[in-house]
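**Student:** Heads up: the protein sequence lines correspond to chains A and B, in order. Be aware that the first sequence starts at 10, since it is given in this note's numbering, and climbs by one per residue. Be aware that the second sequence starts at 10, since it is given in this note's numbering, and climbs by one per residue.
A hint or two may mislead.
One copy or two, either will do: identical chains are not told apart, so a pair holds if it fits within one copy or between any two.
No more than 27 Å apart at the CA atoms, straight line, and that leaves these computed lysine-lysine pairs for DSSO-like [unchecked claim]:
{"no.": "1", "residue 1": "K192", "residue 2": "K106"}
{"no.": "2", "residue 1": "K192", "residue 2": "K272"}
{"no.": "3", "residue 1": "K262", "residue 2": "K305"}
{"no.": "4", "residue 1": "K37", "residue 2": "K272"}
{"no.": "5", "residue 1": "K37", "residue 2": "K305"}
{"no.": "6", "residue 1": "K37", "residue 2": "K192"}
{"no.": "7", "residue 1": "K125", "residue 2": "K64"}
{"no.": "8", "residue 1": "K37", "residue 2": "K262"}
{"no.": "9", "residue 1": "K106", "residue 2": "K272"}
{"no.": "10", "residue 1": "K64", "residue 2": "K37"}
{"no.": "11", "residue 1": "K37", "residue 2": "K125"}
{"no.": "12", "residue 1": "K192", "residue 2": "K145"}
If you are wondering where the hints come from, they were derived from the structure by calculation, not from laboratory data.
Chain by chain, the residues:
There are 2 protein chains.
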Amino acid sequence: MAVYTEVGDAELEVFLAEYDIGEADAFKGIAEGVENSNYLLTTTRGQYIVTLYEKRVDPDDLPFFLALMDHLSQRGINCPQPIHGRDGQALRRLAGKPAAITSFLHGMWPRRIAVKHCGPVGAALAGLHLAGQDFKMTRPNALSVAGWRPLFEASRSGADELGHGLARELEAELDVLEAEWPKVLPSGVIHADLFNDNVFFLHDRLSGLIDFYFACNDAFAYDVAICLNAWCFEPDRAFNATKARALLQAYEKTRPLEPAERKALPLLARGAALRFLLTRLYDWIHTPANALVKRKDPLEYLAYLRFHRSATSLADYGL
Amino acid sequence: MAVYTEVGDAELEVFLAEYDIGEADAFKGIAEGVENSNYLLTTTRGQYIVTLYEKRVDPDDLPFFLALMDHLSQRGINCPQPIHGRDGQALRRLAGKPAAITSFLHGMWPRRIAVKHCGPVGAALAGLHLAGQDFKMTRPNALSVAGWRPLFEASRSGADELGHGLARELEAELDVLEAEWPKVLPSGVIHADLFNDNVFFLHDRLSGLIDFYFACNDAFAYDVAICLNAWCFEPDRAFNATKARALLQAYEKTRPLEPAERKALPLLARGAALRFLLTRLYDWIHTPANALVKRKDPLEYLAYLRFHRSATSLADYGL
Numbered sequence: 010m011a012v013y014t015e016v017g018d019a020e021l022e023v024f025l026a027e028y029d030i031g032e033a034d035a036f037k038g039i040a041e042g043v044e045n046s047n048y049l050l051t052t053t054r055g056q057y058i059v060t061l062y063e064k065r066v067d068p069d070d071l072p073f074f075l076a077l078m079d080h081l082s083q084r085g086i087n088c089p090q091p092i093h094g095r096d097g098q099a100l101r102r103l104a105g106k107p108a109a110i111t112s113f114l115h116g117m118w119p120r121r122i123a124v125k126h127c128g129p130v131g132a133a134l135a136g137l138h139l140a141g142q143d144f145k146m147t148r149p150n151a152l153s154v155a156g157w158r159p160l161f162e163a164s165r166s167g168a169d170e171l172g173h174g175l176a177r178e179l180e181a182e183l184d185v186l187e188a189e190w191p192k193v194l195p196s197g198v199i200h201a202d203l204f205n206d207n208v209f210f211l212h213d214r215l216s217g218l219i220d221f222y223f224a225c226n227d228a229f230a231y232d233v234a235i236c237l238n239a240w241c242f243e244p245d246r247a248f249n250a251t252k253a254r255a256l257l258q259a260y261e262k263t264r265p266l267e268p269a270e271r272k273a274l275p276l277l278a279r280g281a282a283l284r285f286l287l288t289r290l291y292d293w294i295h296t297p298a299n300a301l302v303k304r305k306d307p308l309e310y311l312a313y314l315r316f317h318r319s320a321t322s323l324a325d326y327g328l
Numbered sequence: 010m011a012v013y014t015e016v017g018d019a020e021l022e023v024f025l026a027e028y029d030i031g032e033a034d035a036f037k038g039i040a041e042g043v044e045n046s047n048y049l050l051t052t053t054r055g056q057y058i059v060t061l062y063e064k065r066v067d068p069d070d071l072p073f074f075l076a077l078m079d080h081l082s083q084r085g086i087n088c089p090q091p092i093h094g095r096d097g098q099a100l101r102r103l104a105g106k107p108a109a110i111t112s113f114l115h116g117m118w119p120r121r122i123a124v125k126h127c128g129p130v131g132a133a134l135a136g137l138h139l140a141g142q143d144f145k146m147t148r149p150n151a152l153s154v155a156g157w158r159p160l161f162e163a164s165r166s167g168a169d170e171l172g173h174g175l176a177r178e179l180e181a182e183l184d185v186l187e188a189e190w191p192k193v194l195p196s197g198v199i200h201a202d203l204f205n206d207n208v209f210f211l212h213d214r215l216s217g218l219i220d221f222y223f224a225c226n227d228a229f230a231y232d233v234a235i236c237l238n239a240w241c242f243e244p245d246r247a248f249n250a251t252k253a254r255a256l257l258q259a260y261e262k263t264r265p266l267e268p269a270e271r272k273a274l275p276l277l278a279r280g281a282a283l284r285f286l287l288t289r290l291y292d293w294i295h296t297p298a299n300a301l302v303k304r305k306d307p308l309e310y311l312a313y314l315r316f317h318r319s320a321t322s323l324a325d326y327g328l
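Please construct the entire structure, taking both the sequences and the accompanying hints into account.
**Tutor:** Right under this line is the structure:
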């Protein structure tokens with residue numbers, strides 16, 4: 010939840026004058042998205058989302074994100090569609106921050122993940138991978154294997170405070186992943202953060218995907234591995250193979266995994282677990298205790314990581 | 010800003026089944042209201058606000074607040090109108106908390122207060138006072154003069170850490186206010202918290218008043234005094250008599266102040282400043298540093314208090 014930047018009514022009026030979407034009728038900060046400030050804008054024409062990009066987003070990446078959402082929307086993916094101003098621009102400034110208006114997506118993200126959600130997520134992820142194939146811009150994944158060791162080094166001192174022996178375990182894990190990380194797998198644009206709060210459902214049907222601000226170019230199967238972490242563990246941290254089977258089978262109906270991808274999946278899932286463990290660990294150590302953001306427990310992902318380490322084939326994932 | 014309680018999709022569905030307002034289409038936590046969790050609900054029929062009452066609100070007071078909003082709505086005041094379920098009830102439970110649905114008010118609260126806002130606020134406040142006159146329920150003001158000393162005693166130890174000599178200054182102030190607080194002034198239902206984030210404007214017209222969860226029975230002029238504090242000081246803490254004049258003149262067009270009220274106003278304004286100073290001081294001292302709520306600076310109100318102490322008549326307020 011986050012509203013970091015307050016927007017004055019006068020500056021909002023000036024900002025909206027660049028668009029053809031009517032006049033502001035209501036403008037409410039919403040508890041959505043961790044990295045940016047989001048407002049729900051109601052105008053005489055309808056509902057929109059106004060996003061102010063805060064310091065964790067590199068302004069140089071914004072043209073990629075906005076063009077990607079344009080591209081995916083044109084290919085029928087239900088994602089926020091950037092609204093372009095009269096000058097054709099989707100990106101401008103508001104309250105001193107880069108800002109954009111996107112379409113409003115109906116639906117709610119599932120607070121409690123059930124098996125029924127996992128199939129639609131797998132199908133939507135595969136659809137996203139196919140729809141992004143002819144997208145021309147690229148953005149490397151800064152949070153893939155090469156980015157993990159620097160993240161670990163920046164958090165090493167705090168790791169053992171969180172769990173005895175954690176630093177040594179993570180370092181050994183890094184050694185394995187760096188040595189064995191697959192280099193040639195089918196790749197393209199991935200979402201890279203498809204957690205339950207980024208997927209909307211309406212009447213049990215998936216109605217939209219949001220928050221493309223980690224999207225990048227990487228192996229499709231790594232995106233699948235992220236979803237296995239995000240959707241298939243229970244609150245007690247146990248893996249639910251039924252959820253994984255639903256997710257993977259639905260994914261494969263739209264985009265079958267190649268043999269190399271299936272073989273790599275347990276390792277990719279370890280990597281994905283480590284990636285979220287490391288960013289949470291970093292935030293845990295570097296977020297001031299009085300910050301407005303609630304820190305997430307890194308050790309949740311240690312449990313996930315250990316599960317994936319014990320897995321040897323797709324049979325462990327319900328297939 | 011606040012969303013303290015997460016609502017599951019399944020429990021929301023059960024909750025909404027009690028109402029005739031269509032099915033949920035979107036449900037977003039909004040950064041509005043400090044005391045409760047608020048969600049913007051979009052249904053197939055329109056937009057609504059769902060409020061979950063958190064621990065700072067006494068559940069026994071909720072029938073008063075909801076009946077008051079019903080009463081005021083019926084008298085043409087633009088305030089959130091409680092939506093009643095098929096059983097006639099406006100108050101039920103959601104996610105383990107007392108909860109209610111109210112109508113959605115269009116407009117935005119002014120982030121930067123200008124003179125043009127102050128007249129409409131004065132007029133709306135007077136309209137509210139008149140509209141509440143035949144409301145039958147009553148609720149004493151727990152945060153009036155009798156409540157201030159206990160609040161001060163609970164915060165005394167921290168006062169001097171915040172400002173040298175603060176405890177002594179506040180105690181002297183309390184002595185004066187307790188001795189001189191007027192006992193017989195025209196009274197009725199007051200809003201008691203009409204700050205700028207509780208007043209919506211649309212195209213420079215006041216479009217609604219929200220957040221009646223401090224409403225109570227007290228002197229009308231005390232509500233005016235609260236507004237003088239809330240609307241008429243500049244960011245540099247200087248009093249703006251032009252704003253005060255606009256507010257008071259507009260108030261008096263609808264409900265002229267009686268001589269006793271005019272005479273009491275500087276003292277009531279001191280009391281109002283002390284009331285917000287004390288609650289902020291209490292929160293400052295008792296809010297854990299890692300809380301999700303941003304603490305507000307109590308010393309802002311010390312500056313206001315000192316101004317009112319120096320005032321002798323309504324001439325100091327622009328009249």
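**Student:** Next, verify each hint and record whether it holds.
**Tutor:** Hint by hint, here is what the structure shows:
1. K192 <-> K106: Neither: 37 Å inside a copy, 51 Å across copies.
2. K192 <-> K272: Close inside one copy (13 Å), not across copies (81 Å); limit 27 Å.
3. K262 <-> K305: Neither: 34 Å inside a chain and 54 Å across chains, both beyond 27 Å.
4. K37 <-> K272: neither (47 Å within a copy, 40 Å between copies)
5. K37 <-> K305: both (26 Å within a copy, 21 Å between copies)
6. K37 <-> K192: neither (45 Å within a copy, 40 Å between copies)
7. K125 <-> K64: neither (36 Å within a copy, 34 Å between copies)
8. K37 <-> K262: neither (40 Å within a copy, 32 Å between copies)
9. K106 <-> K272: neither (44 Å within a copy, 48 Å between copies)
10. K64 <-> K37: For K64 and K37, the Cα distance is within 27 Å both inside one copy (21 Å) and across copies (24 Å).
11. K37 <-> K125: between (32 Å within a copy, 22 Å between copies)
12. K192 <-> K145: within (21 Å within a copy, 75 Å between copies)
Hint compliance for this structure: hints 1, 3, 4, 6, 7, 8 and 9 are not met, and every other hint is.
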